[in-house]
Structures are given as C-alpha cells and as structure tokens.
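Starting from the known structure of chain A, fit chain Z onto it as the hints suggest.
Number of protein chains: 2
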Amino acid sequence: MTIPDRPRVVIIGAGFAGLWAARALSHSQTDVLVLNRNNYHTFFPLLYQVAAGELEAEDIVYPVRSILRGQENIRFLMNEVTEIDLAAKQVKTTDHVFPYDFLVLALGSASHFFGVTGAAEYAFQLKTLEQAIALRNHILFRFERALCETDPERRRQMLTFAIVGGGPTGVEFAGALAELIRGPLVKNYQALDPREMHILLLEANDRLLASFPERLEKYALRRLAKMGVEVRLQATVSQITPDCIRLKDGATIPLETVIWTSGVRGESFNAELQTIRNGQVKVLPTLQTPDHPEVYVIGDLAFMEEDGRPLPMLAPVATQQGEAAARNIIRQTNGQIPVPFHYHNRGTMVTIGRNAAIAHVWGRAFAGFPAWLLWLSIHLYGLIGFRNRLLVLIKWAWDYLFFERAVSLVVSLPVSQTHSK
Amino acid sequence: MTIPDRPRVVIIGAGFAGLWAARALSHSQTDVLVLNRNNYHTFFPLLYQVAAGELEAEDIVYPVRSILRGQENIRFLMNEVTEIDLAAKQVKTTDHVFPYDFLVLALGSASHFFGVTGAAEYAFQLKTLEQAIALRNHILFRFERALCETDPERRRQMLTFAIVGGGPTGVEFAGALAELIRGPLVKNYQALDPREMHILLLEANDRLLASFPERLEKYALRRLAKMGVEVRLQATVSQITPDCIRLKDGATIPLETVIWTSGVRGESFNAELQTIRNGQVKVLPTLQTPDHPEVYVIGDLAFMEEDGRPLPMLAPVATQQGEAAARNIIRQTNGQIPVPFHYHNRGTMVTIGRNAAIAHVWGRAFAGFPAWLLWLSIHLYGLIGFRNRLLVLIKWAWDYLFFERAVSLVVSLPVSQTHSK
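Sequence lines, in order, name chains A and Z.
For the first sequence, position 123 matches number 345 in the working numbering, and the numbering has no gaps at all.
For the second sequence, position 20 matches number 242 in the working numbering, and the numbering has no gaps at all.
Heads up, some of the hints might be wrong.
One copy or two, it doesn't matter: identical chains are merged, so the pair holds either way.
As the list claims (entries may be wrong) - When the alpha-carbon atoms are kept at most 20 Å apart in a straight line, the in silico SDA-like pairs for lysine to any residue are as follows: (1) LYS409 - ILE289; (2) LYS409 - LEU290; (3) LYS314 - LEU369; (4) LYS504 - ASP529; (5) LYS470 - ALA426; (6) LYS409 - GLY292; (7) LYS409 - GLU294; (8) LYS349 - HIS334.
Treat the hints as calculated values from the structure; they're not laboratory data.
This is chain A alone, in the form it adopts within the complex (with noise of 0.2 Å):
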C-alpha cells in the first residue's frame, strides 16, 4: 500500500476504544476524523448506576467535542455510518463520503439474545445511555403502577424484577437495584409492602461471575443474598414476555421487568468484513484486519486471543488497543511495520452495594470495604472531566450519608422534535 504524506484516518465510533486511538493520534502527521452517532462519550462502567437512578445522565457522559478541543488534526462530526467501502476506502453517512487512508473501526457491541424468544422485543438492555434511561423510568413507573393496583397478584408481578446473566454486569446492576429498592423506593412507597418486590437474578452457568476466583464468588453470592437479591444458578431462560419470563425447567415468573446484560456481540456494520459467530471481527496480532493492511478493528469489536483465551470486552481492553491501533498507524506513515498488541491486564474489580466490593488485581483476590475503596477511586479517575469527577463524588457521599438516591424521576421525551429536522 502507498501512503500519502499526511494521511487520512477515520476512526467510528468515540467509546473508549476509538476515543483513545484518537487521543494518541494528536499531533501526529496525520488529519484524523471522529465519527460517532452520538455526540458524547458514555462512561459505560458506571451505565447501571444511571438505570438504578444513582447518577444522572450527565454524569457519564461527556461530549466529544470538548475531550477532542485544541487537538488541530482531528474532527468530530456526529454521524451515522451507513456503508464502509472497503474497496474504495470510503467511509459513507447519510449525507456524506469520506475517503480514507486508514480505517479504525470501535463500534463497540451489543447484547446478544441467543436466539431467546421475546428477548430482544421485551427485556431492557444496558448497553445505552438510551437504555439506562429508559429502564430506569420503567422501574419507577412500576412502583407508581402498584400504589394504583388492588390486586395482590398483579402488585407482586408488577414489584418482580429479573435480571438474567451473573457477570459483572448482571450482578453489579442487581446490588444497586436492591439498594433502590430496599432504600429509597420502600422509604417513598410506605403503601407498598416490601415483601411483594423481588429482584431475581438468574444465571445458566452453575456459577456466578466465572472469570473470577470461587471465593470472591461465594463473598459476592453471600452479599447478594443479604440484600435480597435471589440469585438462581443453571437457571437458562426460554422465553420472554410482556409479562412474565419462562425458564427451561418449565418454572414460569409472573413480572413486567427483565434486564438482559447475559450476552454480549460485536455491534453490527456495512462491510465486506468476515466476523465470527458473535459479530466480532478477527484480527491479527497487529489489531490489523487480515485481507486490508489499512483497517485496523479495535474494542468490543475485535476478536483476538492471547495465551489461547480471547480477551474479554473491557475498556481496559479497549483503550490499550486504541493506543496500540494508533502507534501501529504511525509507525505505517514512518515506513515501519506494525507490531503485535499485547493485552496488560492490571485487574478486575465488581461491586456489589454499599461498602461491598470484589477485586482481582496484581494477582490477589480480595473483597469487602478495601475492594470497594479500590473500585471507588478507580472509578472516580476514570470518569473524563474533573467536573464530571466532582460531581459523581458529592452524589455518592450524598446517596452514601443519607440513603437517598439522586434520580427518583420519570422524565421521558419526545423524540420527534430533535431529529425531525
């Protein structure tokens, strides 16, 4: 491949992986553009505080533009990829084409229903800020509903909530929906009785939070079970409903809310681009595509194992390939070939509620209130934007201090006036 001097490189999408590409391409001898369908960056390790109304929005976003302000070689535009050219190195949106030397798709992923009827039209998901929203404001439009409903029967489905899949998401999204729950909603609700609300967490596998040591998995179930969550193993889902979820074993939930954080799949594209049976995209060592030198996948998008496991869909994971995309493009622009990425794993952590954490890091498994502490000051760093950092620190001290939560709102918005124009 010839390379012009000052090449052109469209990054798509603006989550962690595509944002750090972009940020290590700064200042370099090349003019880069950002697209992304939205104009802000979400935060997504902290998504599930803002569906269990402990952050706002705002609070995990942060809009690209000013992240990328005062970088001279690179543009944002907020767009909707339709087609990638790979041939013609195009990138095209609904109103535009914009040619390419080099190509880094971060398209993130989405959930992965596994064929499970009723999944994708009825369980609320937790990919998306959209979602977050959404499945916040139907949580508490339940509680509202049941103050309404005469029915013991319909009361208790209306109050059952059902989470499937016992990963980090599932499970650090069920402790902070108890905390809701068990916290403010039954301090607001005092009509209601507690005992008619139910969260469920249902996992297929015969344990929870599998990438993790068996006794963070035991501290973590015992924590659960505490708060009330009722966690159910090999409990594989069959069907969804608007009103109730149906299981293999034939058991049927009567309920009106299921969160699906059980399956995940790379985020789907228009390209002449093999994937795998999970929508990823297999690259090379290099985080290069195998037939297009000049494509590089990075993030949730990208397959690729080390030490024959394949790395698992992390932002730790994606902010080290953006770095490791955006070298490997300048070091093509200096005539040198690209080098292998390698994944430096400094740890996992989970939490699961008040002074509640597990960790796995440099090595060591350890839980409870340092394991918490730890999640809570990396969590904190992480969020972009002092002001951002700020602001989330004094709502949990608040939520903390005082048992309240933040967002007890239903807000929803009319779509069509934004977009209509």
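Chain Z alone, transformed into the frame defined by chain A:
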C-alpha cells in the same frame, strides 16, 4: 354544604400552587390526595436554563413523593386526570375514581399561540421539562448539522434562532442562549463562522418587559445588544413553518428554530367550569369558584384582579394562593367562612446573563451586578432540597469561572418502553 369530620381534599397539580396548598394542609384534619401527571415538581423559573444547557434536568426538578414524605395525611399519585365531575364531586383518572369533599384545581398554564399559523406545530415551548430538553437537543443538533453543510445560506438558516415574546422568559432565554452560543458553542465548533449565528428576540409591542420600569427595559436592551441579540420591537409574527418565520410586515426570516414565549393561557381540563377567553377560571376573592364553594382554583389557572389589574402568572402568586386556599379549606372545615386572598408583591426580577439582571423589589428599581446577585441567591434559595441547591451552585460557579457549559449532549429517549406496559 355539609362537611364531614375528616374531609377528603383532592389537589390536582403539583406545581407551586398545588404543592404549597398540600404542604399547608399537612397535619390538618383532612385527607389530602395530590394528583400530578409527572412524579416530580418542576422549578419553572429555571426551566430556561435547562434549555440553554446550563443546568441538567434533574437540578430543577424534585420528586413530589420525597417532598411530601412524612406528611401522614397526604397521599400522592402520579396519574392523568381525565374528567372532573363537579356534580358528583369526583375526579376520574385513567383507572380510578376519587371522590372529594374539597377540590383544588392547580393545573397551571400552557402556551397561548393567539391563532398564529404553525406556532403549535413548529415552535418550541418552555413550559415543561420535556420541552426544555427537546429544545436543548434541537439547538445542539443544529450546530452538528451546520458543520456538515456546505451551502452558507443553509448554514445561516440552521444557526438562526428566533425567540418570540419579549417578556421575562423571552429575555432570560435570549440571554442564556447568547451565552451558550458565544461561549462554549463557538469554542467547540471552531469550523463555524460566528457571524453566521443569529439570535433574534421578536416582540409585538413597542417595548420589552412591559411590567418593569422603563429604565430597566433600557438596561436590558443595552445588555442584549452587547451580547449579540438582535431585538425587534413591533414585530408581530404571522406564520411559522419548519424553515422560516413570517412577520406581519411581510419580512420572512429563514431559520429552523423558533421558541415561543409570547403567550400563556390556563391549562385545559375536562369539567363543567366556565373559563374566560385565555382559558383561566374567574375565581371569587376567596379563590373559590362562584358556583361551587368546595372547589378552589389557584395558580396560573386562576383569574383574579387586584387594584383593577389581573394578577400575573408567577410562582409567588401561585405559592401564596396555594397557602391561602389551604387556610380557607381549614376554615370551612371549622365552620368559619373563607377570607379573601391578597397578593403580597415582594418584587420581580429578570436575569439577562453573566453579572446582569434587573430587579424591581421593595418598590425600588435597580440593575446590573447587585440585581444579579440578588437573583442568584433568591433562586438558589427557592430550589427545593439542599442537595439540588448545592449542585446548582457548583454548576453555576463552574460556568461562571470557566465559561463552560454543563450540558451539551444530544440525548433522545425512546418513549415507547417507558409507558408501554
């Protein structure tokens, strides 16, 4: 009328009027039910700041349930009233019927379009939280769209914003919008030429802020001009379309954003109750309706004259009427006759932007920094809940010091999932 020992009071609306009435009835010998279509109370005087991206939605709203918590005799339900049967003394919602002994109508107001073609369809309003967020999204989206637009005429059209109505809301929003655009947006969209951005304030009469002394109007005019707002007096709007606004004098201004702050009318309702031309209900000096001594109408919905002039639709009028109606209901339950309401006008003020406001208080008119400080403290104090006050103070301080805006996100929410079930 016969009054039971423990009369049932139904209050419809949880704005300033309804909420203050409810609070004044706490610990009284009544059973109070507050019905509101949202589960939150909105601090209307700062709604325009949400539309201008200065504050987040959650900063200016507060859950009604939290406000009324601990009041044993008050219940709250989030519900839409479909009909009021004055003869049967019943309030009907979508799924319930609530009998009452006393009814307090505090439905507030809606935009009044005076029959201008296209105004209801194409103009943005500043009457609800949803509208404010939709307007913010729309404004920010104009800038994103303008970036992709190559035709300078089309770009100019996208970046022209007309505010109809030179009353307090129009002036305050014009100032806030000018600060949003001339500050953060110019910084964030450096590819756009600031000379292509226009803010128009259109007023049909020959002066702004008719209820203030002329000296303060002059000050406001000077400030707005300095901030780049073009004020056109005697400019009557005849038509609004998706891509232009037409004036009575024949002028046509191409644009994509019109904000209607010009007229206000009583909110509509379904009951056999006489209204005047602007939808308000004419009440007795006691705030009772002429034919129904058990029905009170308060706040923006009530029409009442004092010293030959109708009382303005303002928050202080609403809160004072709410408390007065509650006192009169308690009097009636004690066998006393209701007493007439008198409005204590403590003053009015309008902020125009950074360090600039006008105030007409304690019979004195003043403008500039002192007025702005007074405005700041009064509005901060008025926000319900210490938590909101603290967060708003931080955000204002941040904006003030760093000329940054809190909220430049285009977040649109799927309405369907929220209320579908």
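At 20 Å max between alpha carbons, let me know whether LYS349 reaches HIS334 within a copy, between copies, both or neither. For LYS349 and HIS334, only the intra-copy Cα distance (11 Å) is at most 20 Å; the inter-copy one is 41 Å.
request  = Check LYS504 against ASP529 for me: Cα-Cα at most 20 Å, and say if that holds within a copy, between copies, both or neither.
outcome  = within (16 Å within a copy, 79 Å between copies)
Between the shortest in-copy and the shortest cross-copy C-alpha distance, which are at most 20 Å for LYS409 and GLY292: within, between, both, or neither? between (48 Å within a copy, 10 Å between copies)
- Between copies, within a copy, both or neither: which fits LYS409 and ILE289 at Cα up to 20 Å? Only across copies: LYS409 and ILE289 sit 12 Å apart there, 40 Å inside one copy, limit 20 Å.
TODO: With 20 Å as the alpha-carbon cut-off, assign the pair LYS409 and GLU294 to within, between, both or neither.
DONE: So LYS409 and GLU294 pass the 20 Å test across copies only (13 Å; inside, 52 Å).
_Homomeric proximity label, LYS409 with LEU290: Cα distance no greater than 20 Å_ = between (43 Å within a copy, 12 Å between copies)
Give the relationship of LYS314 and LEU369 under a CA distance limit of 20 Å: within one copy only, between copies only, both, or neither. Between copies only: 16 Å across, 50 Å inside.
- Query: Given a CA cutoff of 20 Å, do LYS470 and ALA426 count as a within-copy pair, a between-copy pair, both, or neither?
  - Reply: within (10 Å within a copy, 68 Å between copies)
The structure meets every hint from the earlier list without exception.
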